[in-house]
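Enquirer: The chain contents come next:
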Amino acid sequence: MSPRAAWRLETLGFGDVYDYVDGKNDWMAAGLPTEGTNAEHPRAGDVARKDVPTCGLKEKLGDVKARVRAQGWDAVVVVNDQRVVFGLLRSKELEKDPELLIEQAMRPAPSTFRTFVALHEMLHKMVGHKLESSPVTTSDGRLVGLLLQTDVAAALEKDK
Amino acid sequence: MPTEIHREEVRTLVAAGAQLVEVLPSPEYEEDHLPGAIHLPLKKIDSEAGNVLDRSRPVIVYCWDTA
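Listed in order, the protein sequences are those of chains A and B.
Residue 107 in our numbering sits at position 107 of the first sequence, and the numbers go up by one each step.
Residue 1065 in our numbering sits at position 65 of the second sequence, and the numbers go up by one each step.
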């Protein structure tokens, strides 16, 4: 739609016309602010816990587990030095052999969600797919935070 | 020929005074639009562009994505 708009504006005499080809999807996926009625309600990126622990692929599970538990968490997101998400360990994976490397113990390529997804939609997906938690990422795969299903339900209740 | 640009160029151009224009229909604009975006649906460009846009400033149009 925007290419047609851009071309039409040029033919109408506007001389300096640009087409933001990636559009609103790209803007919102990057976690940038918007205006409008939806902007008044919290979304996945607002509720995701930004303080979720992270670890690298080559760390030992036992070391990571100790660190994660000490922070009061039972989940950790596996990222690289650019915070691109590779995997996720929830309580079940954290209980595996402590000598394993993280890349051997993790759930690889977990489902991730974008920051702008509405909470009612998130709850529907998380319940439907039995996800107790899911990473929220930017459009280029970088970790924003971990979204907990319990937090989503609580935020929706509060937003009523 | 319109120039295709990406997010960072949008921010730079808007900061320099470009007009940002969402060309989607009303409900989609009302729910979410980029900060400061003018609403000019595609179907109204012919009749209203001359009234709502400044010809002396750059114009950036957008919809959802490349579709």
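Do not take every clue at face value.
[Claimed, not checked] Label-pair distances were calculated between CB atoms; the ranges are: (1) B:Lys1043 / A:Lys58: 48 to 58 Å; (2) A:Asp159 / B:Pro1025: 45 to 55 Å; (3) A:Ala153 / B:Gly1050: 41 to 51 Å; (4) A:Leu32 / B:Pro1025: 13 to 23 Å.
By construction, these hints were calculated from the structure, which means they are not laboratory data.
Even for Gly, the Cβ is constructed at its ideal location relative to N, Cα and C.
Enquirer: Next, verify each hint and record whether it holds.
Expert: Checked hints:
1. Here the CB-CB span from lysine 1043 (chain B) to lysine 58 (chain A) is close to 56 Å, well matched to the stated 48 to 58 Å.
2. About 26 Å separates the C-beta atoms of aspartate 159 (chain A) and proline 1025 (chain B), a value inconsistent with the hinted range of 45 to 55 Å.
3. The hinted range of 41 to 51 Å is satisfied by alanine 153 (chain A) and glycine 1050 (chain B), whose Cβ atoms lie roughly 50 Å apart.
4. Between leucine 32 (chain A) and proline 1025 (chain B) the beta carbons are some 22 Å apart, a value that agrees with the proposed interval 13 to 23 Å.
The structure shown violates just one earlier hint, number 2.
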